[in-house]
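Peer 1: Chains A and B, in that order, are what the protein sequence lines are.
Take the first sequence: its position 54, counted from the start at 1, is 54 in my numbering, and no numbers get skipped.
Take the second sequence: its position 175, counted from the start at 1, is 175 in my numbering, and no numbers get skipped.
No lab work stands behind these hints, which were simulated from the structure alone.
Just so you know, not all the hints are guaranteed correct.
What the hints assert, rightly or not - Residues from chain A that face chain B, not an exhaustive set, calculated with beta carbons under 10 Å:
| id | residue |
| --- | --- |
| 1 | Arg33 |
| 2 | Leu254 |
| 3 | Met267 |
| 4 | Arg276 |
| 5 | Val295 |
| 6 | Arg297 |
| 7 | Arg298 |
| 8 | Asp301 |
| 9 | Leu314 |
As the list claims (entries may be wrong) - Output of the computed footprint for chain A on chain B, the stretches with three or more beta carbons under 8 Å from beta carbons of chain A:
| id | stretch |
| --- | --- |
| 10 | 36 to 42 |
| 11 | 269 to 278 |
| 12 | 289 to 295 |
| 13 | 307 to 314 |
Said to hold, decoys possible - One side only, chain A facing chain B, incomplete, derived with CB under 10 Å:
| id | residue |
| --- | --- |
| 14 | Pro41 |
| 15 | Thr43 |
| 16 | Ile266 |
| 17 | Val270 |
| 18 | Arg271 |
| 19 | His272 |
| 20 | Glu311 |
Model, not experiment: these values are computed from the prediction.
Even glycine gets a Cβ: it sits at the ideal position worked out from N, Cα and C.
Number of protein chains: 2
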Amino acid sequence: MDVPQLIEHLRQGDVRALARAVSLVENDAPSARQILSGCFPLTGNALRIGITGPPGAGKSTLVDGLARRYRAQQETVGVVAVDPTSPYSGGAILGDRIRMRDHDSDPGFYMRSMATRGSLGGLARASADVAVVIEASGKQRLLLETVGVGQDEIDIVRLADVTILVLMPGMGDDIQSIKAGVMEIADIFVVNKSDREGADRAEKEVRSMQSLAAEHGSWVPPVVKTIATTGAGIEELEQAVDRFRAWLAEDGRLLTRREAHWRTRIMEMVRHELLRALRGHGLSDQDLQTISRQVVRRQQDPYQFVPQLVEQLLRQGDNDG
Amino acid sequence: MDVPQLIEHLRQGDVRALARAVSLVENDAPSARQILSGCFPLTGNALRIGITGPPGAGKSTLVDGLARRYRAQQETVGVVAVDPTSPYSGGAILGDRIRMRDHDSDPGFYMRSMATRGSLGGLARASADVAVVIEASGKQRLLLETVGVGQDEIDIVRLADVTILVLMPGMGDDIQSIKAGVMEIADIFVVNKSDREGADRAEKEVRSMQSLAAEHGSWVPPVVKTIATTGAGIEELEQAVDRFRAWLAEDGRLLTRREAHWRTRIMEMVRHELLRALRGHGLSDQDLQTISRQVVRRQQDPYQFVPQLVEQLLRQGDNDG
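Given these sequences and hints, build the entire structure.
Peer 2: This is how it looks when you write it as structure tokens:
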């Protein structure tokens, strides 16, 4: 099957074609660019919902609950779940597959788990690209789930139209440590496991820190209490998402947000592409090995070498062209 | 003061010169490259100790304890503390400054706190470069402290010769969620706050997961129990570091590890440099704004545009040269 056929198939709801396209894109296969280019015009209409928070907050169950609600309303759903799992262990992926088994026969639902790749920034790129392919298959709601509260996760949820930060009671000082880095990106706060002791206190703490999330102008991020395992509060969460969506639709806010997303993404893509060019005809693995050896032995100064190398690469286009 | 003078001053122990050079490098000032190039030959002899772990595990107190021990032995100490603090709030930095006030009059001690910068990978670069400058000032022990257990933190501690992963009792499932991503990089495990309930269980859990940290060959990462607030276990931790250091010194292991570090760093530096070139004469902020607008409106396909732009940039060197 060539790329145009693959895209035609995934567009018509062929799950195998979708899964194959996602894999090719995730692995940055030679055909990835063409696939993405073919999928891109089919995107832009789905609502992208980012869900992040510390490990153990219950994001997976929450995502599952939201997905079920949307499906009950005949809205198609795609899920991209990013796990900080090393390439050595596939535990989290396996867990997600089991978790989502219920949806297996549902053609209006598609889920992809992704593990942490080696290279810096690689996962943000891969998850953004995978989201494009899944959206192109016609999914109306795209749930982007990441575990963790670091820069990586921020970069991943940044591609969402609405970002939900999931916290839980009993985090204590941890809420404090999270607040500065991630609070600003939250459009909606969730205190999950709210049947546990300390739920009110957690809610109060979040509310007291809402000032940090104030870059939203007229939108005050609500705090929704949920018990994902029983489904309690999921409806309220869905309504909060709808309200935020309505707010986003006003005054061109959605477009502004998506433009900001693409500014970041384009720079990332450029970086990725430049590096690919470099590996192609500037710096082989063998070269890199040799230079690293010399650097460790202080026979080579990387702060002089790298700028020279880049200059050389930029001049080289002439000889190739 | 010009750059050679600045380096001469910081080399002779002038704290102001050191602080200034660190700031210039952290902010990627125009003189940064020259400063780094001047500092680079002065580095390579310090032992770099990376300390990471989830928020609240007590890393700061542990770093402080280690620093005090080294100072008591007349070994000079530099600390780079990386906090996942947003640019909007300087809380963590302030906290660190207060925390380290005791050392203020000690010329054999220097500490720098760094907050999360906006761009992906920026912090890993900045902390690596800052470490070079601090080491050039003659510090014999370099402590690199990061909060968190994500890819960012892994990239930061990767520049260490020895990596300490700090955990604490009562993390429960959180230990499980951390294990896959970070366990592999730990040379030494610390269970801090070991006077708390569950310390033995935490130790047992870590031991049961040591197989994940098995890529070390003949080195089995020890588990050290500490109570950083009272200083209990710090001596044992120091001894564990010494033992690992001795192990590293055999069979060229230290050089191998540092070579691997530089392979990653050089690629990062190249990426950074290419991007700088691009911003210089390929893609202005204004261009980026315009393109993002077109992309959001599906008037421009980024998957076609970016490769074209990069190709154009690579050809452009000819006209400039």
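Peer 1: Each hint should be assessed against the structure and marked as holding or not.
Peer 2: Here is how each hint holds up against the structure:
| no. | hint | in the structure |
| --- | --- | --- |
| 1 | Arg33 | holds, 5 Å |
| 2 | Leu254 | holds, 9 Å |
| 3 | Met267 | holds, 7 Å |
| 4 | Arg276 | holds, 8 Å |
| 5 | Val295 | holds, 5 Å |
| 6 | Arg297 | holds, 8 Å |
| 7 | Arg298 | holds, 6 Å |
| 8 | Asp301 | holds, 5 Å |
| 9 | Leu314 | holds, 4 Å |
| 10 | 36 to 42 | holds (count 4) |
| 11 | 269 to 278 | holds (count 8) |
| 12 | 289 to 295 | holds (count 5) |
| 13 | 307 to 314 | holds (count 6) |
| 14 | Pro41 | holds, 6 Å |
| 15 | Thr43 | holds, 8 Å |
| 16 | Ile266 | holds, 6 Å |
| 17 | Val270 | holds, 6 Å |
| 18 | Arg271 | holds, 6 Å |
| 19 | His272 | holds, 8 Å |
| 20 | Glu311 | holds, 8 Å |
Checked against the numbered hints given earlier, the structure satisfies every one of them.
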